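Trainee: The chain contents come next:
Protein chains: 2
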Amino acid sequence: MMRVDLRLNAIVDPERAGGRALAELARLCAQGGATLVQLRDKQSDTRALIEEARAIKQALAPFGVPFVINDRVDVALAAGADGVHVGQDDMAAEDARRLLGPAAIIGLSVKNVSEAEAAPIALIDYVGSGGVYATLSKQQKNPPIGPEGLARIIGVLRRRAQQSGKALPVCGIAGIDAGNAAPVIAAGADGVAVISALSLASDPTAAARALRQIVDAMLAKRGT
Amino acid sequence: MMRVDLRLNAIVDPERAGGRALAELARLCAQGGATLVQLRDKQSDTRALIEEARAIKQALAPFGVPFVINDRVDVALAAGADGVHVGQDDMAAEDARRLLGPAAIIGLSVKNVSEAEAAPIALIDYVGSGGVYATLSKQQKNPPIGPEGLARIIGVLRRRAQQSGKALPVCGIAGIDAGNAAPVIAAGADGVAVISALSLASDPTAAARALRQIVDAMLAKRGT
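Taken in order, these protein sequences are the chains called A and B. Residue 37 is where the first sequence starts when you use our numbering, and the numbers rise one by one after that. Residue 37 is where the second sequence starts when you use our numbering, and the numbers rise one by one after that.
Calculated from the structure, these hints are not laboratory results. Just so you know, not all the hints are guaranteed correct.
Given that identical chains are not distinguished, each listed pair holds provided it fits within a single copy or across any two copies.
To be verified - Okay, derived cross-link-like pairs now, DMTMM-like style, lysine to aspartate or glutamate, Cα gap no bigger than 20 angstroms in a straight line:
#1 Lys-257 - Glu-60
#2 Lys-257 - Glu-87
#3 Lys-177 - Asp-81
#4 Lys-78 - Asp-125
#5 Lys-78 - Asp-41
#6 Lys-202 - Asp-252
#7 Lys-202 - Asp-41
#8 Lys-257 - Glu-51
#9 Lys-202 - Glu-51
None of the values given here were measured: they were computed from a predicted structure.
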């Protein structure tokens with residue numbers, strides 16, 4: 037387990053990459069201040085996924101930015117990524133922790149209060165919670181929870197993490213950009229997870245820098 | 037590495053299960069003499085895949101029939117399966133061996149002579165080769181190779197395995213049933229991999245028994 041800096045979680049997805057190579061995109065985001073990069077690729081064959089992950093890992097190495105794989109523990113192991121991000125339909129955190137070991141980063145998606153109540157706090161390093169706003173990056177089964185819904189989920193997670201005596205950073209996810217990031221942090225989040233606002237930006241590095249400034253300023257205001 | 041009995045490789049796939057639960061189907065096949073069971077599921081979420089794999093593993097335990105997962109090393113590790121079957125677009129055998137260890141079964145798909153020449157013989161335990169006949173179980177990009185094409189591939193694999201001083205069993209795959217299994221063994225295969233001829237049979241146990249009889253008789257004739 038490690039304390040994850042969740043201020044700007046850049047998610048790279050070949051379906052939302054605007055034609056850019058994912059490794060290059062990851063590099064541009066890290067250059068602008070992304071603090072965690074996730075590869076989410078629901079379509080590629082395993083071999084291509086592993087190659088993709090290895091390229092991203094190499095691109096991120098000079099920045100020291102940790103790198104996790106969405107869902108696929110096999111890809112994380114083969115490519116030597118720092119961990120995984122699992123959703124509620126992906127591998128259980130218990131299995132992922134057993135396979136990846138104590139040093140790996142394991143993030144969990146939490147979409148509502150009951151998932152927050154059930155989250156295996158002791159096994160995970162961070163939570164991505166949402167969808168906060170409407171997004172085109174992922175099919176959303178539920179209406180956006182908004183900053184208010186996010187605040188409720190964070191409340192549950194904070195209480196449970198405190199009871200476990202551990203820090204559990206939480207980022208908001210879905211539809212977040214420079215125009216609406218501030219309320220996400222005001223709701224109690226430690227950062228934002230972003231896809232399109234970075235990967236479809238004309239200048240992802242500048243977009244990352246702008247988002248980091250907003251997040252950092254809001255966190256400073258909150259005094260964390 | 038272990039010597040795999042490849043005489044009847046039953047592949048269970050939720051898209052070709054005729055409404056049967058996969059664990060029950062695996063049990064029925066093992067009861068009829070399947071010597072290796074593979075789970076192939078290209079659609080389910082990871083969590084469901086792992087549950088499916090655990091149920092099949094439990095169903096097969098009384099029979100001592102080994103159980104491999106198509107493509108997904110993460111699922112094999114989480115469920116404690118005996119190994120994986122990888123295609124040319126799946127994880128490289130080298131990575132799979134590193135992650136699964138020396139005792140795991142690793143099977144490889146080989147579709148033509150050049151793939152046979154390139155196969156990492158030292159890292160794999162068996163080969164599935166085809167498509168031998170036309171099939172509806174899988175989209176086929178290439179025309180069926182027939183028993184003649186299979187014989188050519190097996191010739192290359194036999195020569196290379198002999199040079200490596202190891203046994204490398206080969207089964208034919210695609211469109212194989214009781215009516216056309218004999219020429220597959222006559223072509224030099226050590227067994228047959230079967231989906232629909234078992235899973236869509238009204239009595240999978242009887243169908244497995246019939247296929248085993250054909251394969252065993254042909255192998256006896258060949259003197260192996």
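Trainee: Which of the numbered hints above does this structure break?
Mentor: Checked against the structure, the hints that fail are numbers 1, 2, 5, 6, 8, 9, while the rest are satisfied.
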